[in-house]
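Asker: This is what each chain is made of:
Protein chains: 4
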Amino acid sequence: MQPKGKKIPVAVLGATGMVGQKFIELLQEHPWFEIVALAASERSEGQRYGQAVQWRMATPLLPSIAEMKLQSCTPHIAGDIAFSALDSSVAGEIESTFAKGGFIVISNSRNHRMHSDVPLLIPEVNPEHLELVHAQKYGSGMIITNPNCVVCGLVMALHPLAQRWGIDTVQVTTMQAVSGAGYPGVASFDIIDNVIPYIASEEEKVESEPLKILGSFQKTYIEPYQMVISAQCNRVPVMDGHMGCVSVKLKEKASPADIIDAWTTFQGLPQTLKLPSAPSFPLLYMDGLNHPQPKLHRLSEKGMSVSIGRLRPCPVLDWKFTLLSHNTIRGAAGCAILNAELITIMKPS
Amino acid sequence: MQPKGKKIPVAVLGATGMVGQKFIELLQEHPWFEIVALAASERSEGQRYGQAVQWRMATPLLPSIAEMKLQSCTPHIAGDIAFSALDSSVAGEIESTFAKGGFIVISNSRNHRMHSDVPLLIPEVNPEHLELVHAQKYGSGMIITNPNCVVCGLVMALHPLAQRWGIDTVQVTTMQAVSGAGYPGVASFDIIDNVIPYIASEEEKVESEPLKILGSFQKTYIEPYQMVISAQCNRVPVMDGHMGCVSVKLKEKASPADIIDAWTTFQGLPQTLKLPSAPSFPLLYMDGLNHPQPKLHRLSEKGMSVSIGRLRPCPVLDWKFTLLSHNTIRGAAGCAILNAELITIMKPS
Amino acid sequence: MQPKGKKIPVAVLGATGMVGQKFIELLQEHPWFEIVALAASERSEGQRYGQAVQWRMATPLLPSIAEMKLQSCTPHIAGDIAFSALDSSVAGEIESTFAKGGFIVISNSRNHRMHSDVPLLIPEVNPEHLELVHAQKYGSGMIITNPNCVVCGLVMALHPLAQRWGIDTVQVTTMQAVSGAGYPGVASFDIIDNVIPYIASEEEKVESEPLKILGSFQKTYIEPYQMVISAQCNRVPVMDGHMGCVSVKLKEKASPADIIDAWTTFQGLPQTLKLPSAPSFPLLYMDGLNHPQPKLHRLSEKGMSVSIGRLRPCPVLDWKFTLLSHNTIRGAAGCAILNAELITIMKPS
Amino acid sequence: MQPKGKKIPVAVLGATGMVGQKFIELLQEHPWFEIVALAASERSEGQRYGQAVQWRMATPLLPSIAEMKLQSCTPHIAGDIAFSALDSSVAGEIESTFAKGGFIVISNSRNHRMHSDVPLLIPEVNPEHLELVHAQKYGSGMIITNPNCVVCGLVMALHPLAQRWGIDTVQVTTMQAVSGAGYPGVASFDIIDNVIPYIASEEEKVESEPLKILGSFQKTYIEPYQMVISAQCNRVPVMDGHMGCVSVKLKEKASPADIIDAWTTFQGLPQTLKLPSAPSFPLLYMDGLNHPQPKLHRLSEKGMSVSIGRLRPCPVLDWKFTLLSHNTIRGAAGCAILNAELITIMKPS
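As you go down the protein sequences, you meet chains F, Y, P and E in turn.
Its first residue numbered 10, the first sequence is counted upward by one per residue in the numbering used here.
Its first residue numbered 10, the second sequence is counted upward by one per residue in the numbering used here.
Its first residue numbered 10, the third sequence is counted upward by one per residue in the numbering used here.
Its first residue numbered 10, the fourth sequence is counted upward by one per residue in the numbering used here.
These are calculated hints, taken from the structure and not from any lab test.
Please read all numbers here as calculations on a predicted model, not as lab measurements.
Any given hint could turn out to be false.
A pair holds if it fits inside one copy or across any two, identical chains being indistinguishable in the list.
[Claimed, not checked] Below 30 Å or equal to it, Euclidean Cα-Cα: the simulated DSS-like pairs (lysine-lysine) are:
{"hint": "1", "residue 1": "Lys16", "residue 2": "Lys311"}
{"hint": "2", "residue 1": "Lys283", "residue 2": "Lys311"}
{"hint": "3", "residue 1": "Lys311", "residue 2": "Lys109"}
{"hint": "4", "residue 1": "Lys214", "residue 2": "Lys262"}
{"hint": "5", "residue 1": "Lys214", "residue 2": "Lys258"}
Based on the provided sequences and hints, a complete structural model is requested.
Answerer: Spelled out as structure tokens, the structure:
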């Protein structure tokens, strides 16, 4: 399935930052979307993007993008969809302005995530939450958000368990990559040969966002999922890929074979619709005794699959396992683009 | 308090390996002990130690030690105490032979740790377990062990809680340094820019050894402590210092202030006896929001203190916190030497 | 240009090691070659490859390859071309045996590199050296080698300079990735937070191999290129990508613009022939003040291009610059496969 | 030798930055000096130091220092000596003001280093340059500087060679630790699994400062040493310790044994005077094939010795070798404190 006719014009807000660069890296050869505007802070307005940006992606920047002039973040710029990689200090207001201006705002920022009328969307998990936008007051515009980078992979792994057996309790300790902190982000002084056992506001997000995402859509609001989550978040000297050590208590009895089956056979709406950024298998279970590992598996299915391994009984809760997802792709820009693909097909009517 | 007269002659078994080197680094200027014999595999018998060893400690090797000839691991070598840094593939039998030969064997190997008549000793935690050696059948010799590197720090942090309130449940996820795997240990290919979510046999040790250490001495055996532990163990790109993210459920209600007080005021027998390797404060509580960190705090009190931070409520169990201990000092050679110091003063009669 | 008809059957010798895995990763979807045999030490003979190997490549192993049975390294196995990733302790004899058995042996090992009748080949640099195989005594078989991992990139950067101006003197200091040492290779204990200023035999190779590669083909032998090279080789905590800081004295005067032009316009025979593994541009010059960098540029053109930057006057010799090449692709398996592609088209008659 | 009576009161300017913290770490238990004032930017004036600083040193901050109030950088603060760890954007003017105010300014900043009347001092190398201060116009005050972090170790290694044989040419490629960039300094995003082949202004300093330091004192100025230096500077993922791969051409013929002898027997004025921060042996030659290494040797003699290894013939110049020095100790705060100790004893009359 794919939209007819011309590519859909899109803008990237916050285009010079790390998430902005990742958006551009993933969008610059996208089959449905065409970048028509790049916006950043007023300071860099008018500069060529290639000049203003310190490009740090491994994929080279296309010359056509490098030539584009940076604009300021006002809804007068071109585009139907606005991908927001804005810093949370400014994202709230600018995104609202763009939505009021008629844009479909696909945001990676945290500002609107927990608003009652804003979908906190993972297309494989809760596509029905899209309907929530009818409660928004933006006219033809709207705001759709994707979850925190570590939440996305976690919830994707939990979702099939929640569907089949229900989840009562989750304990998760994360080991998160430095790219999650943006640029310059974590000082090398702080992380070489070190672990930092704290990431500002992260545990709060991990303990709250999943309840909304797994919640049930009730026409005008989301009834949060009933479970308890405890999170401990750490930064480790890894470039990309957030790991999580999870213990989970299910509401009903499950066998390990059934759990693995629930993961490996899982297919969501993006798989059915064959969205361009959808991985064939959103959840990969790895048999290797010491898998998954960030360096080996973070780019599975172009970074859009979540890798899971080491399922075994937990003496305290029921089961423990390890999961890995690519924080700037599946956990940020990639998930946002999948959100945009979903809405392109499923536009809430 | 200190032993009268001459220094006590000691041997180091497995002297060329990483733990062996750490023993020598810590012993070569020890006030009570004098290295009189170095033993390793037969292959290197007769070689000068300085020639046979690839010295990887940051403290330079004393010329007097470098000149010593390596001997084979038989109890004919000199010494009253034998520090064993032997690989577990050979440690079991050699240590028994040394004990039968009249040596006080202070072992860092796992082989005898869980034997019913062998003390699994942390001098600050369970010095009374020393009496267990009366059940041993080695004549004047005996075997004393210290726990696994990650267990030592964990149990030290749990002990004051167990004393005041009792512990019901423990969840711990570890992020362990590469030095814990010895040499060559973890391949750089595997750990640069990576996390390995598996360490062979580690979780089993973390889930069992604490029950013995916190258990109660019953004349001829140890009654294990009653609690449930679940462990997830990971290797991270850090040189030294094992981190643990812990959640704990206590048997009675405690306040955070009381818990921190229990830690910071904790003193054990080594502190009372002022043993040379005893830290003034075995448990340090750090207020810093993002403390403890391996690079900053692993060498606190010469690597013999456990650093704790981030005490906060756990939505699943009662409390969560982060702890750090130096794995090759507090968790291995340093703990073993403290064991030897304790037995020098407290020799079971 | 491409060979007609069916794919050419190839074998990989030393298939379980790191270079062997890289060969398989690059060959498993190759347009011209089809893996028909995998060979390793006798110890693993008969095992399924997928079981015998600890797959450490980021690209998943194809199930069809995983199912293949490992064979021993004798020329009775199938295949026209044998890619040798054998350890140098055994490569010499086995490769000769395969050549005698009629195989085109494409070797990454150092054993035959400096033999007078063996081409030390970089297809972009010295394709005419292929003719050297006529001096070999292997009947229809032959042995072709590619240079040491750090030499390949260095010589590619020097070649256009040698062509236009001649080279008198080269000083190079390398900073080499750990993957160059194979597996387990460099211990993490040795390289985390560290630099190792020594790589066995490396400086000797860097100071000798380029003279042969840049030498002139004289029907039955290679007249070595006349220049002096001094190398200092270091291992740094980087996964992939060898860096070199080069100073060079040319035989004639050149301008920086001309040197950059010589690099950026450089095209070799593989580019003319459009060989499948040939990069469009073998040499990329980067304007960025702090480029090239391993993490950003090692995979340029699938790891087959050499990245160069920071050309500036050298107060001692004439010019200095920094170069980067992917050591296991351009500097090993990728170069070997390009050699095989060249010989497929240019088979010495 | 040591000053009589009370400790000398000293101030630290730029006390909250990384070099400032290192000054305090090294001074807080210094036998001759007593910290009486801490100064920083006006923004933090009046705050307790312990509150204003993010202490990142491994040695704990003394409570007495933590309690001190931060002052602004004016010469009204207490102290006879002012250690300047100021950023070069402000150091020039503030240091002049302090000198005019009667302070002995011991600066680690680059601003005054190349001024004709300012000693660029390494006490082991050019203590006679101290006399240069007589040309200064600061009344009883004066400014003394120490060299760039990588220059200090390099010049110390070159000095005995210059004395015995004279030096004609130097090629040096550095691999520098991240702590040299201060805090936050190098982004982890840029350096994990990476090398950055550029450090702003560094090569210029390495190519110029040694000529002044090794120059001859001519009453009112320094006649620069005549030699040519070419430097290539890189940042590598190492915390502390700058490595240099050096090639050198001497003015007269030397044997390797003599060169090693020149290094190992070298003693400077600080050794003769037994200054508190002077290492017993400023230059250590290591026989290990792969030594020196940052992690193993950077803290030799409390970080004040330079470690050298791998002396061997250079095919281009005469000799090559590898050197290592601790960049924030020997190459910054430690050298500055040694300068202050020297001037305390040798006060130019």
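Asker: For every hint, state whether the structure bears it out.
Answerer: Cross-check of the supplied hints:
1. Taking the closest pair of Cα atoms, Lys16 and Lys311 come within 30 Å of each other both inside a single copy (22 Å) and across two copies (28 Å).
2. With identical chains, the CA atoms of Lys283 and Lys311 are at most 30 Å apart both within one copy (15 Å) and between copies (27 Å).
3. For a Cα distance limit of 30 Å, the shortest separation of Lys311 from Lys109 qualifies neither inside one copy, at 34 Å, nor across copies, at 44 Å.
4. Taking the shortest alpha-carbon separations for Lys214 and Lys262, both the intra-copy value of 28 Å and the inter-copy value of 27 Å come in at or below 30 Å.
5. With identical chains, the CA atoms of Lys214 and Lys258 are at most 30 Å apart both within one copy (20 Å) and between copies (23 Å).
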